[in-house]
Amino acid sequence: MLLPLRLRQGLKSFMNDKSKGPWGASDDDKKDDGPPNPWTVPPAGRPRGKPTALDEWIKRARSGGGGGNGGGHFTLPRGPGGRSLWLIGIAILVIAWIGFTSIHAIGPQERGVTTFFGRYVTTLGPGIHVTFPAPINRVIAVDTQNIRTDDFPNGGGENLMLTGDQNIIDLAYSVRWNVSNAQDYEFQIADPRSTVRATAESAMREVIANVDLDDAMGPGRTTIEQDVQQRMQQILDSYHSGVLIQGVAIKQADPPAQVNDAFKDVTAAQQDAVAAKNKAQAFAQQVIAQAQGEAAQFDRLYQQYKLAPEVTKRRMYYETMEAVLARTNKVIVDVPGARPYIQIPGAKPLPNPDDGNDNVQVTAPAPAPSNGGGQ
Amino acid sequence: MNRALLRNPVTIGIIALAALIVLASTFFIVPETQQVVVLRFEQPVRTINAWKAHQAFGNTGAGLKWRIPFVDRLVWVDKRILDVDYDNQQVLSSDQLRLEVDAYARFRVVDPLKMVITAGGESGVTEALRPLLGTAIRNELGKHPFATLLTPERDQLMDNIQAGLQRLASQYGVEVVDVRIKHADLPDGSPLQKTLQRMATARQLQATTIRAEGAKQAQIIRADAQAQAAHIFADAFNQDPKFYDFYRAMQSYQHTFGADGDTQTPHGTTQVILSPDNAYLKQFEGK
Chain A
27 MLLPLRLRQG LKSFMNDKSK GPWGASDDDK KDDGPPNPWT VPPAGRPRGK PTALDEWIKR
87 ARSGGGGGNG GGHFTLPRGP GGRSLWLIGI AILVIAWIGF TSIHAIGPQE RGVTTFFGRY
147 VTTLGPGIHV TFPAPINRVI AVDTQNIRTD DFPNGGGENL MLTGDQNIID LAYSVRWNVS
207 NAQDYEFQIA DPRSTVRATA ESAMREVIAN VDLDDAMGPG RTTIEQDVQQ RMQQILDSYH
267 SGVLIQGVAI KQADPPAQVN DAFKDVTAAQ QDAVAAKNKA QAFAQQVIAQ AQGEAAQFDR
327 LYQQYKLAPE VTKRRMYYET MEAVLARTNK VIVDVPGARP YIQIPGAKPL PNPDDGNDNV
387 QVTAPAPAPS NGGGQ
Chain B
48 MNRALLRNPV TIGIIALAAL IVLASTFFIV PETQQVVVLR FEQPVRTINA WKAHQAFGNT
108 GAGLKWRIPF VDRLVWVDKR ILDVDYDNQQ VLSSDQLRLE VDAYARFRVV DPLKMVITAG
168 GESGVTEALR PLLGTAIRNE LGKHPFATLL TPERDQLMDN IQAGLQRLAS QYGVEVVDVR
228 IKHADLPDGS PLQKTLQRMA TARQLQATTI RAEGAKQAQI IRADAQAQAA HIFADAFNQD
288 PKFYDFYRAM QSYQHTFGAD GDTQTPHGTT QVILSPDNAY LKQFEGK
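Protein sequence lines correspond, in order, to chains A and B. Counting the first sequence from 1 gives a position; the numbering used here is that position plus 26. Counting the second sequence from 1 gives a position; the numbering used here is that position plus 47.
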């Protein structure tokens with residue numbers, strides 16, 4: 027309460043020095059018995075209570091170094107109040123600075139790497155911690171638990187790689203990692219994130235270069251993911267990077283877009299082959315069933331035929347003839363040697379060889395040349 | 048008057064400022080991530096917090112240090128692992144294939160004094176290492192056919208490049224931690240297109256083979272079925288070939304003359320001329 031009071035007094039006196047302030051101090055000055063108004067300057071030579079050291083200092087400074095306000099040597103407002111303002115401002119800044127740099131809230135997912143004049147001291151766990159202010163102690167909060175995900179390729183597009191059988195694959199994958207050792211992460215590597223990225227790329231290409239395209243696109247994925255994770259961890263450990271690879275996930279492993287059609291055609295061909303086989307199977311079932319049916323039919327009939335061969339045969343013969351002849355035009359020629367005139371339906375008279383109608387299939391022999399020696 | 052001058056806040060301020068400047072240029076903080084070479088009148092005199100292997104953080108030379116103000120000059124050198132990239136350079140393999148290589152080297156300045164003398168500073172050493180990395184890569188890849196990169200030998204190759212680079216980089220007081228090839232790809236344009244074309248034709252071959260194989264198997268299935276059917280028929284009909292002949296003839300007549308109710312097969316009209324000697328008509332004459 028002391029400092030603000032002085033501030034106000036200083037402020038007031040500073041304003042009163044120049045002119046009568048807007049609050050008009052004269053009225054209050056006359057009241058001697060009332061409670062001291064903090065907004066007024068106590069009359070000179072009548073100090074209120076014991077003068078403090080600060081009062082003394084201000085007084086001395088005013089008389090000694092002030093040089094008078096009207097001196098004209100200094101353009102800065104140099105009243106004692108002005109100086110107090112500066113001091114208080116600086117004090118507030120210092121307190122704020124100390125407050126900000128010595129109290130550290132380390133979140134549950136964080137670790138605070140603490141240095142003492144630049145030298146590593148300790149790593150703070152979660153909680154509120156008080157240290158010396160900067161630059162004596164510095165605390166760098168590193169988020170260790172948060173699992174970061176890096177996607178490859180970054181922001182879409184093709185990511186072509188060579189496989190072991192010299193084919194090209196378009197691979198998209200992601201790497202999940204977190205910080206396992208905050209001080210290593212902070213002190214060992216200049217740019218940890220780009221290091222993780224470069225390592226991932228290198229490890230993935232190395233592993234892909236040792237597998238076949240078909241493996242990479244299909245059954246080998248899990249192995250590849252594990253290999254890459256292991257490889258990355260190995261490399262990053264050799265850098266003492268303090269990074270832990272949580273996992274590698276292949277999101278997409280496709281042939282390049284330009285040859286995708288040819289690859290799809292293989293799948294289509296597989297379907298086609300299965301379809302052809304299915305059709306053949308259906309046909310086979312049909313043929314066999316039919317054969318079995320017909321054979322069974324014959325068997326049944328034959329059993330009966332064996333019991334009475336002559337009758338059965340006759341009956342079958344007559345029944346068939348009956349059925350057949352009932353539907354046909356019949357001519358019975360009773361007289362031996364008679365030549366019936368047979369009208370063949372649809373047959374046309376022999377065409378004139380000159381009319382050039384080639385469409386009619388003529389089976390009759392061409393008229394024999396008159397002078398030929400055939401006859 | 049002298050006392051008064053000393054009391055003058057301006058004087059006090061100036062003195063304080065001067066003291067602050069001297070203090071600030073005497074004491075300095077060396078963090079764990081930096082090493083320092085102290086130059087006295089441009090003559091290197093000592094190093095602070097220089098890298099040593101297997102040194103735990105906290106036991107290093109980092110901390111509050113001092114120097115002679117205005118006389119000692121500090122050269123700051125990063126103590127961490129740094130990287131130098133070698134991006135998209137064309138390299139010829141021993142089988143004359145042009146490759147587009149993307150590689151990087153991770154290195155650490157282990158002798159800051161040597162580094163400052165030979166390269167001047169951190170950016171200088173990166174610039175100096177870049178062409179050296181290129182040389183090491185070209186030398187090594189030029190000795191191997193391209194296919195080596197697609198085998199487990201790739202690891203050995205990278206180790207060789209690292210060893211090659213280390214030989215060249217030692218003069219800069221640098222330790223090469225790792226060299227890795229990120230990409231080693233066929234360059235865009237004709238080689239890439241040719242490879243893609245080869246891939247496409249390989250797949251076409253595969254597709255055609257699969258289709259042909261499917262057709263073959265379908266045919267075999269059909270033939271098997273037909274053989275089985277023939278076997279079934281033979282088994283049944285072999286019981287009495289003569290009766291079969293008769294039986295089948297009857298079936299055939301019915302079908303041929305359209306008496307079996309089959310309306311799908313087109314039938315021509317039929318005219319039959321029978322002789323009275325015909326077996327069917329043998330009762331005609333009342334014999």
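FYI, nobody ran anything at the bench for these hints, they're computed from the structure. Some hints here could point you the wrong way.
Here are the simulated DSSO-like pairs of lysine-lysine, each with C-alpha atoms no more than 27 Å apart in a straight line [said to hold, decoys possible]:
1) Lys-303(A) - Lys-263(B)
2) Lys-263(B) - Lys-332(A)
3) Lys-241(B) - Lys-290(A)
In this text the structure is predicted, and so the values were computed from the model without any measurement.
Would you check the hint for Lys-263(B) and Lys-332(A), treating anything up to 27 Å between C-alpha atoms as holding?
violated (44 Å)
So if I understand the rule, the pair passes when the alpha-carbon distance is 27 Å or less; does Lys-241(B) with Lys-290(A) pass?
holds (19 Å)
Given pair status - Lys-263(B), Lys-303(A), alpha carbons within 27 Å:
Holds: Lys-303(A) and Lys-263(B) sit about 9 Å apart, inside 27 Å.
Figure legend: structure checked against the earlier numbered hints; the only hint not met is number 2.
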